[in-house]
Structures are given as structure tokens and as C-alpha cells.
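S.K.: Sequence:
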Amino acid sequence: MMCSYWIGTIVMRARARIRVQESDEENGSDELKEKERTNVISKIIRRFVLQSSKEKLEDNEGGSDDVIKRLIDNLASKLYKKLDTIKEKVSVVEQSVTNVHSEEDKILKTQSQQMTLVNTQITLSEQMLSKIQVLADDTKTTIEKSMKDLEETISQAEAKYMLMEDEKEKRRQEGMEEPKEKSGEAAHSRL
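The UniProt record's numbering puts the last residue of the sequence shown at 191; the count rises by one with no breaks.
Think of the hints as simulated: they come from the structure by calculation, not from any bench.
This one's a predicted model, so the numbers in the text were calculated from it and none came from an experiment.
Ideal Cβ positions, reconstructed from N, Cα and C, are used throughout, including at glycine.
Careful: at least some of the hints might be erroneous.
Computed list of lysine-lysine pairs in BS3-like fashion (alpha-carbon distance at most 30 Å, straight line) [said to hold, decoys possible]:
| # | residue 1 | residue 2 |
| --- | --- | --- |
| 1 | Lys-89 | Lys-106 |
| 2 | Lys-145 | Lys-131 |
| 3 | Lys-43 | Lys-54 |
| 4 | Lys-69 | Lys-43 |
| 5 | Lys-81 | Lys-69 |
| 6 | Lys-168 | Lys-145 |
| 7 | Lys-106 | Lys-87 |
Per label pair, the in silico range of CB-to-CB distance [claimed, not checked]:
| # | residue 1 | residue 2 | range |
| --- | --- | --- | --- |
| 8 | Lys-131 | Glu-94 | 54 to 62 Å |
| 9 | Ser-42 | Leu-75 | 56 to 64 Å |
| 10 | Val-92 | Leu-117 | 31 to 39 Å |
| 11 | Glu-94 | Leu-117 | 30 to 38 Å |
| 12 | Val-92 | Lys-131 | 53 to 61 Å |
Construct the complete structure from the given sequences, taking the supplied hints into account.
M.R.: Spelled out as C-alpha cells, the structure:
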């Protein structure tokens with residue numbers, strides 16, 4: 001009721017001002033009149049809004065406790081929703097951390113297996129290298145022995161050949177020289 005009284009009062013004052021302005025309009029320019037009208041209307045609207053706000057506050061003073069309770073409940077509801085969202089995010093992060101640790105363990109296990117395989121490969125390579133070295137040394141010793149035996153055989157053959165030549169020379173000097181074909185066969189048979 002009070003609101004309608006104020007609205008009526010505001011409207012009556014606005015009409016009075018408009019009449020005053022109409023008389024002023026005859027004297028002033030149209031732009032100036034338009035601005036004044038706009039100002040008056042905006043003032044009327046402001047007063048109306050202010051008055052209605054005051055009335056609402058007066059009506060709500062008794063129910064302000066209910067309003068505060070409602071606001072607290074709304075805030076609590078929002079906080080619970082935020083907490084649920086945070087819990088979900090924490091759960092996702094914990095799951096991700098668990099997955100990272102699991103993958104890390106797998107990587108470490110794989111690296112350990114690879115290191116074991118590499119060490120085994122190195123050991124086998126070293127053993128193979130030592131066997132090859134032993135074979136090379138044995139082969140070198142065998143070749144050296146064979147060369148020594150060959151040199152001895154050659155020197156023995158040369159010595160026999162020299163002996164045969166000396167014998168031939170002696171026989172020739174004594175005149176008992178045999179024909180060349182027979183002496184060549186005899187020399188080969190002695191070797």
C-alpha cells in the first residue's frame with residue numbers, strides 16, 4: 001500500500017514538473033527540454049526503486065534469519081560440491097601417480113634385465129676372445145714348429161745332397177763314375 005502511495009506522489013510531482021517544463025519549453029530550446037524531461041523521469045525511477053528496496057528490507061527484517069540460513073545452506077551445498085570435485089581430482093591424480101610408479105617399476109626391471117644380458121654378452125665375448133687368442137697362439141706355435149721342421153728337413157736334404165755331390169766328385173776323381181741317369185735315381189732314392 002505504501003508503495004502505491006509513493007508511486008502516486010511521484011507521478012503527481014512528475015506531472016507538475018512537466019507542466020513547469022512545458023511553460024519553460026516555450027521559452028527554451030527543444031534539446032534542453034528533452035534533457036530535462038529525461039532527468040526528471042530518471043529521478044522518478046530512482047526514487048521508486050529506492051523506496052521499493054526500503055520496503056523490501058523492512059518486510060524481510062523478520063525473515064532475515066531465514067535468509068541467512070538459506071544463504072548458509074546454499075554456501076554449504078556449493079562447498080560440498082567443490083569438495084566432491086576436489087576429491088575426484090585427487091583420486092584421478094592418485095591413480096595417475098600409481099600408474100607412473102607401476103610403469104617406473106617396469107622400466108627399472110627391463111633396464112636391469114638388459115644390463116644382465118649386456119654383462120652376459122660381454123663375458124661371452126671375452127671368453128671367445130681368449131679362446132681365439134689361445135688358438136692364434138697355438139697356430140703360431142704350430143706354424144713356427146712346422147717351419148723349423150721344414151728348415152731342418154731342407155738343411156738335411158741339402159746336407160745329403162752335398163754329401164752325394166762330394167761322393168760323386170770323389171768317384172769321378174777315382175774314375176768310377178756312374179752314368180748320370182743311374183746316379184740321379186740313386187740320389188732320389190737316398191732322399
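S.K.: It remains to establish, for every hint, whether it holds in the given structure.
M.R.: Now the hints, each set against the structure:
1. Between Lys-89 and Lys-106 the CA atoms are separated by roughly 26 Å; this keeps the pair inside 30 Å, and the hint holds.
2. Of the supplied pair hints, the one linking Lys-145 and Lys-131 holds, its CA atoms being roughly 21 Å apart against a limit of 30 Å.
3. For the proposed pair Lys-43 and Lys-54, the alpha carbon gap of about 16 Å is at most 30 Å, so the pair holds.
4. For the suggested pair Lys-69 and Lys-43, the alpha carbons sit about 36 Å apart, so the restraint of at most 30 Å is broken.
5. Between Lys-81 and Lys-69 the CA atoms are separated by roughly 18 Å; this keeps the pair inside 30 Å, and the hint holds.
6. About 34 Å separates the Cα atoms of Lys-168 and Lys-145, which puts this hinted pair outside 30 Å; it is violated.
7. Of the supplied pair hints, the one linking Lys-106 and Lys-87 holds, its CA atoms being roughly 29 Å apart against a limit of 30 Å.
8. Taking 54 to 62 Å as the suggested C-beta distance range, the pair Lys-131 and Glu-94 conforms, at roughly 56 Å.
9. The hinted range of 56 to 64 Å is not satisfied by Ser-42 and Leu-75, whose Cβ atoms lie roughly 36 Å apart.
10. At roughly 37 Å, the beta carbons of Val-92 and Leu-117 sit within the given window of 31 to 39 Å.
11. Distance hint for Glu-94 and Leu-117: a CB-CB separation of about 35 Å, consistent with the stated range 30 to 38 Å.
12. The hinted window of 53 to 61 Å between Val-92 and Lys-131 holds, with their beta carbons roughly 58 Å apart.
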